[in-house]
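Participant: All chains should be built: construct the whole structure from the sequences, respecting the hints.
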Amino acid sequence: MADKEDAHVKMYKKEFHEVKYLDVKCPICNNRIDEYGYCSCGSGDS
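Quick note on numbering: the numbering used here labels position 6 of the sequence shown as 6, and the sequence is numbered without any gaps.
By construction, these hints were calculated from the structure, which means they are not laboratory data.
There may be inaccurate statements among the hints.
Claimed, not checked - Here are the computed lysine to aspartate or glutamate pairs in the EDC-like style, where the Cα-Cα straight-line distance is at most 16 Å:
# : residue 1 : residue 2
1 : K20       : E35
2 : K25       : D6
3 : K25       : E35
4 : K14       : D34
5 : K13       : D34
6 : K20       : D34
7 : K14       : E35
Here the structure is a predicted model, which means the values were calculated and not measured.
Facilitator: Here it is, written out as C-alpha coordinates:
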(Lines of atoms letter the chains of each structure in order from A and count residues from 1; the text may use other names and numbers.)
(Lines give C-alpha, C1' and ligand atoms only; values in the text may rest on other atoms or scores of the structure.)
Protein backbone atom coordinates (compact mmCIF):
# COMPACT_ATOMS: atom_id res chain seq x y z
CA MET A 1 0.00 0.00 0.00
CA ALA A 2 1.20 3.51 -0.72
CA ASP A 3 1.98 6.18 1.86
CA LYS A 4 -1.54 7.56 2.01
CA GLU A 5 -4.19 5.47 3.72
CA ASP A 6 -7.40 4.81 1.90
CA ALA A 7 -10.80 5.63 3.39
CA HIS A 8 -11.50 1.99 4.33
CA VAL A 9 -8.35 1.72 6.44
CA LYS A 10 -9.05 5.06 8.12
CA MET A 11 -12.62 4.10 8.93
CA TYR A 12 -12.25 0.43 9.94
CA LYS A 13 -8.54 0.17 10.85
CA LYS A 14 -8.14 -2.77 8.47
CA GLU A 15 -7.96 -3.40 4.75
CA PHE A 16 -11.03 -4.55 2.82
CA HIS A 17 -9.84 -8.16 2.52
CA GLU A 18 -9.51 -8.43 6.31
CA VAL A 19 -13.21 -7.76 7.00
CA LYS A 20 -15.15 -10.79 8.22
CA TYR A 21 -18.66 -11.49 6.97
CA LEU A 22 -21.58 -13.05 8.81
CA ASP A 23 -23.87 -15.74 7.43
CA VAL A 24 -26.64 -13.16 7.35
CA LYS A 25 -27.80 -11.45 4.15
CA CYS A 26 -29.32 -8.02 3.70
CA PRO A 27 -33.08 -8.20 2.99
CA ILE A 28 -32.76 -5.32 0.49
CA CYS A 29 -29.69 -6.09 -1.64
CA ASN A 30 -29.14 -9.76 -0.67
CA ASN A 31 -25.42 -9.18 0.04
CA ARG A 32 -23.63 -10.47 3.12
CA ILE A 33 -23.57 -8.33 6.26
CA ASP A 34 -20.09 -7.71 7.64
CA GLU A 35 -18.78 -7.90 11.20
CA TYR A 36 -19.76 -4.25 11.75
CA GLY A 37 -23.37 -4.82 10.72
CA TYR A 38 -23.12 -3.20 7.28
CA CYS A 39 -23.91 -4.47 3.79
CA SER A 40 -23.00 -3.04 0.37
CA CYS A 41 -26.12 -0.93 -0.04
CA GLY A 42 -26.09 0.40 3.52
CA SER A 43 -29.78 -0.32 4.09
CA GLY A 44 -29.10 -3.60 5.90
CA ASP A 45 -27.35 -1.91 8.78
CA SER A 46 -28.01 -3.50 12.11
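Participant: For each hint, tell me whether it holds in the structure or not.
Facilitator: Here is what the structure says about each hint:
1. Under the criterion of a C-alpha separation no larger than 16 Å, the hint pairing K20 with E35 is consistent with the structure, at around 6 Å.
2. In summary, the hint linking K25 to D6 is not supported, as the alpha carbons are separated by about 26 Å, beyond the 16 Å threshold.
3. Taking the CA atoms of K25 and E35, the gap is about 12 Å. The hint holds against a cut of 16 Å.
4. Among the hinted pairs, K14 with D34 is consistent with the structure: their alpha-carbon atoms are about 13 Å apart, no more than 16 Å.
5. Restraint check: the Cα-Cα separation between K13 and D34 comes to about 14 Å, which is no more than 16 Å; the hinted pair holds.
6. The hinted pair formed by K20 and D34 meets the criterion: a straight-line CA distance of about 6 Å does not exceed 16 Å.
7. At most 16 Å may separate the alpha-carbon atoms for a hinted pair to count; K14 and E35 meet this at roughly 12 Å.
Comparing the model with each numbered hint stated earlier shows that hint 2 is the single one that does not hold.
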